[in-house]
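Chemist: Those sequence lines, one after another, are chains E and W.
Each number in this note's numbering comes from the position in the first sequence (counting from 1) with 3 added on.
Each number in this note's numbering comes from the position in the second sequence (counting from 1) with 478 added on.
Bear in mind the hints are in silico, worked out from the structure with no lab data behind them.
Among the hints, erroneous ones may be present.
To be verified - Quick look at which bits of chain E chain W covers, simulated, 3 or more residues with Cβ under 8 Å:
#, stretch
1, 14-25
2, 127-139
To be verified - Simulated restraints on C-beta separations:
#, chain 1, residue 1, chain 2, residue 2, range
3, E, R60, W, P504, 54 to 62 Å
4, W, L645, E, M105, 22 to 30 Å
5, W, A770, E, L34, 54 to 62 Å
6, W, V846, E, S67, 19 to 27 Å
7, W, A649, E, Q33, 41 to 49 Å
8, W, G540, E, S67, 57 to 65 Å
9, W, K639, E, Q33, 52 to 60 Å
10, E, G99, W, I650, 34 to 42 Å
11, W, V769, E, E141, 22 to 30 Å
12, W, G747, E, Y26, 35 to 43 Å
The beta carbon of each residue, even a glycine, is placed where N, CA and C say it ideally should be.
The residues making up each chain are set out below.
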Amino acid sequence: MNSLIFRSIIKIVSPILMLFSVYLLLRGHQLPGGGFIAGLMTSAGLVLIYLAYGCERFDWRHRSRFFYFLFTSGLTISFLTGLAGLFWGGFFLKSGFAHVHMPLINEDWEFASAAVFDFGVYLVVCGVCVSLMTMLGEEE
Amino acid sequence: MSHLLILPVLIPLGTAILLLILRFLPMARRIVIAFAGVSILGVNISVLSKIYKEGIQTYQLGGWPAPYGIVLVGDLLSGIMMMLGSIIAVCALFYSFGYLKEDGQQAIFHPLFFFLWTGTNGTFLTGDIFNLFVMFEIMLMSIYSLLAMLGDKKQIESGLKLISMGLLSSAIFLAAVGGIYALTGTLNMADLAVKIKPHAGHPLVGAVAMLFLGVFGLKAAMMPMHFWLPDVHSSAPTPISAMLSGILIKVGVYAIIRVFCLIFVDLQGAFQPFILTLACITMFMGAMGAVAQTDLKRLLAYSSVSQIGYILMGVGFFSVAGMGAALFYMISHGIIKASLFMAAGILKKMKGTTEMSEHGNMINISPVFTLFFLIGVAGLGGIPPSSGFFMKFQLIKAGLDGAFYLPVFVALVVSLFTLFYLAQSWQKVCLMPQKEEPTIRPSFKLLLPVGVLALLCLVLGFAADPIITLTTAASQQLFSPELYIKAVMGSM
């Protein structure tokens, strides 16, 4: 898998995938998208890099703790968002939102607490997918 | 608005996450687990008593009212099943400390175990058919990993079987949910029950009901779909075997009851002969399989198949008495089977195998073990002081009242076989002389949960009356689905 063609294409494709996944994550509250699909897309980008470059520049196999940290913190974030809804909104998973005026572009942006929940999901999916893929790639 | 109903899902979920965070602090994990186990048990007791006193409880997730949002609904059936689940789970948790190796294994086992617990409690509580699917998935995901956790060859093989079974059933389940959504445009179970009424007789309704029966039958190991169970239940780590046979196969039965007593009420009559026939075949074939086994855990797994047949028979009567008997059977069988599996795990710990020919003479090695095992045998065999007598007696009585003579006859014949294979296994393990003495004695940590469950079996036998009152009330509630619908839709 480490042919020159593949590597060169990955150099271009991977950043696009990551950027697009961030876009999907942010639009997920009102439009199709969200944490799950964005997480899958990010991890697809990461796994492509892993396939093309192996462990030359980044030792994926010995970073399992980092991915463990990713999905644990993702779960914690999502769970705490749900709990916050219970304590301040009256129901578990109750979502709140606020309009914030952005100074530079002079527009009102809506921030919803569901986006935080989505971010947690994003981290979980990223962490689990990448650690699964690198585990499958191990030699033994 | 009381938040009591969300707690049985919330506490295990939070505990699982906390255990992931505390991965490298074994002492802290122990404290968290003990605290969480006791508090879930307490919460489930208070949920059940609240449902019993005040009727069906509902909780709207995120504050969105039914039928638009997702609701949790606790009726007596879910309360009883959660209670049973948490009793078995607490015993299995305690057992796991003695059974698994200290550091690495427990650090993986316990978070997954609590995710599993989240899934079972969620399944029992959810009032939304799609969320039922989600909770099933949470449960199955944790079981896959728990099963393959110790990583020997047999476990990986049975894990593969379980995964293929799970994926197949998930696909069919989704297709069925899609079909019913196309017809009615709703996924809330109470709303479905109302909106499906005008479509009675539509061929899609029958097809969807059949798909649901197939999917849940697959999970409950109903006969043509039982092939995965003996391997999976016998090769899983013992605390998980106890959970699988004690509560997880009953999740399938629970779903069958829920679907046929709430949504497809009109189809009960049409499906009755079918369910009863399958139940009889399941009972008989499961017992035949069990007679032929030489491995204790496999014998118990086949016996679970056979006992699921009894429970399905009680469900298939579709009468208040039959359903009540099936509920009592589920409680009693769950407790007894969990204790028997844990007893088999003690044998595994002593000699590394559960082949019955390798063991023997337990009556001299550990009289306490022999007694607990005997109580379990008497329980499943249906001998009076244990709860097993009442579970079979009620079922047979309900069958005779409804004039289902053939299923009752099959049940009686099969119960003879049940007593035969169990008594034989007890005799082999406890009375027969042994080739070589084991070096390890059964430890107190492992014997205690077995003893607690065996004691519960006796208590259920001596004080069967309040439990029967409870199960009868639950079954009356099931046969008046308008209560459920009113509780969910009335809170709009």
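Chemist: Each of the hints needs a verdict: does it hold here or not?
Modeler: Going down the list of hints, with the structure as the test:
1. 14-25: violated (count 0)
2. 127-139: violated (count 0)
3. E/R60 <-> W/P504: 54 to 62 Å: 36 Å, violated
4. W/L645 <-> E/M105: 22 to 30 Å: 46 Å Cβ-Cβ, so the 22 to 30 Å window is violated.
5. W/A770 <-> E/L34: 54 to 62 Å: Since the Cβ atoms of W/A770 and E/L34 sit about 59 Å apart, the hinted range of 54 to 62 Å holds.
6. W/V846 <-> E/S67: 19 to 27 Å: 44 Å, violated
7. W/A649 <-> E/Q33: 41 to 49 Å: With a Cβ separation near 30 Å, W/A649 and E/Q33 fall outside 41 to 49 Å, so the hint is violated.
8. W/G540 <-> E/S67: 57 to 65 Å: Violated - the Cβ-Cβ distance for W/G540 and E/S67, about 34 Å, lies outside 57 to 65 Å.
9. W/K639 <-> E/Q33: 52 to 60 Å: 43 Å, violated
10. E/G99 <-> W/I650: 34 to 42 Å: With a Cβ separation near 39 Å, E/G99 and W/I650 satisfy 34 to 42 Å, so the hint holds.
11. W/V769 <-> E/E141: 22 to 30 Å: 44 Å, violated
12. W/G747 <-> E/Y26: 35 to 43 Å: The hinted range 35 to 43 Å is violated for W/G747 and E/Y26, with Cβ atoms some 55 Å apart.
Comparing the model with each earlier hint shows violations of hints 1, 2, 3, 4, 6, 7, 8, 9, 11, 12; every other hint is respected.
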